[in-house]
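Enquirer: These protein sequence lines map, in sequence, to chains A and B.
Counting with numbering that gives the first Met the number 0, you get residues 0 to 82 for the letters of the first sequence.
Counting with numbering that gives the first Met the number 0, you get residues 0 to 173 for the letters of the second sequence.
Hints are computed from structural coordinates only; laboratory data are not their basis.
Among the hints, a few may not be true.
As the list claims (entries may be wrong) - Straight-line C-alpha distance at most 20 Å; calculated SDA-like pairs for lysine to any residue: (1) LYS37/B to ALA38/A; (2) LYS37/B to GLY68/A; (3) LYS1/B to HIS30/A; (4) LYS37/B to MET46/A; (5) LYS37/B to GLY21/A; (6) LYS37/B to ILE64/A; (7) LYS8/A to ASP29/B; (8) LYS37/B to LYS8/A; (9) LYS37/B to ALA40/A; (10) LYS1/B to ALA56/A; (11) LYS37/B to HIS72/A; (12) LYS1/B to GLY172/B; (13) LYS37/B to GLN73/A; (14) LYS37/B to ASP43/A; (15) LYS147/B to PRO6/A; (16) LYS37/B to ALA56/A; (17) LYS1/B to ARG61/A; (18) LYS37/B to ARG42/A; (19) LYS68/B to MET46/A.
These numbers were taken from a predicted model, which means no experiment stands behind them.
Each chain, letter by letter, is given below.
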Amino acid sequence: MARNRHPDKEIEEAVAYAEGLGWRVIPISGHAWGRLYCAQADRDGCMISVWSTPRSAGNHARDIIRAVGRCPHQEKEASDEDA
Amino acid sequence: MKTHEFTIIASGLDPQADDFEDRFFAAGCDDATLSFQKGVIIVEFHREAVSFSTAVASAYEAVLRAGAKVERIEPDHLVSLSEIAERAGLSRQAISLYTRAERGADFPGPVARVTSKHPLWDWPEVAEWLFERGTLSREEVVQARIVKEANCHLEANGVADDNFTKRLEAVEGV
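Next comes chain A alone, as it looks inside the complex (with noise of 0.2 Å):
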């Protein structure tokens, strides 16, 4: 699967990372550089936006890896649930 590489070292280790959990990929346009969406295809799925240049591209990428933590649909990895 060939795409654009982010130009921020840190925010594409976030964004390789959320794919190799089965999260896709797709380049937008504006200030954003993309949109990550997670394995469950419908408006139920998770979605985290990818800024382009952000204040700050260590917190981003760092939020980024949170957020795919936080996605309901992972496959169960985990399954330890806080009870």
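Based on these hints, arrange chain B on the given structure of chain A.
Expert: Just chain B, lined up with the frame of chain A:
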């Protein structure tokens, strides 16, 4: 200036629209990460400001400028036992003992879902209790109160009025 971390839960904009991100960018939210999960818009801020109340109030204004409705501020002021443990950096078991008054007298009682298996506590009350025992800083207690003030205001009014910023700053001034 310090960077303050908090999240605004919003609604009223279509996350599939072409201009979804540009609206937030134009409103100065490039210090936030946008996502859409569980049917709501999640705006996670890392905002530099002179104080926590100023950061929250300016982020609130920015989300409105983007055309969205602000539903709530997180980390929420209602917390479960697990969340108390996480925020305090203690084990769930330790907090559970506190609530049964075996180790800590006068631990605040739950305030919501009290008759359920998973009751909720008021974080400002719990934070104050933990502060008195040296587990949390004064700053964390103040932030807890500011979030509660903001959420109670949003709940009561649907939207914040002109006094929103002043009210938050008044809490911080205590």
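Enquirer: LYS37/B and ALA56/A: Cα distance at most 20 Å?
Expert: violated (25 Å)
Enquirer: Between LYS37/B and MET46/A, does the CA-CA distance stay at or below 20 Å?
Expert: holds (10 Å)
Enquirer: LYS147/B and PRO6/A: Cα distance at most 20 Å?
Expert: violated (39 Å)
Enquirer: Between LYS1/B and ALA56/A, is the straight-line Cα distance small enough, at 20 Å or below?
Expert: holds (17 Å)
Enquirer: Could you grab the alpha-carbon distance between LYS68/B and MET46/A and see if it respects the 20 Å cut-off?
Expert: holds (19 Å)
Enquirer: Decide if the proposed pair is consistent with the structure: LYS37/B and ARG42/A, CA atoms, cutoff 20 Å inclusive.
Expert: Holds, because 9 Å separates the two Cα atoms, which is no more than 20 Å.
Enquirer: Measure nothing beyond the straight line between the CA atoms of LYS37/B and HIS72/A; if it is 20 Å or shorter, mark the hint as holding.
Expert: holds (10 Å)
Enquirer: With the threshold set at 20 Å, check whether the alpha-carbon distance from LYS37/B to GLY68/A stays at or below it.
Expert: Judged against 20 Å, a Cα distance of about 13 Å means the pair holds.
Enquirer: Starting from LYS37/B, check that the Cα of GLY21/A is at most 20 Å away, please.
Expert: holds (18 Å)
Enquirer: Quick one, are LYS8/A and ASP29/B close enough, alpha carbons at most 20 Å?
Expert: holds (18 Å)
Enquirer: For the pair we were handed, LYS37/B and ALA40/A, check the Cα-Cα distance against 20 Å.
Expert: holds (13 Å)
Enquirer: Can the restraint linking LYS37/B and ASP43/A be considered satisfied, given a maximum Cα separation of 20 Å?
Expert: Answer holds: LYS37/B to ASP43/A is near 7 Å, not above 20 Å.
The structure does not agree with the numbered hints 3, 8, 15 and 16 stated previously, though it agrees with the rest.
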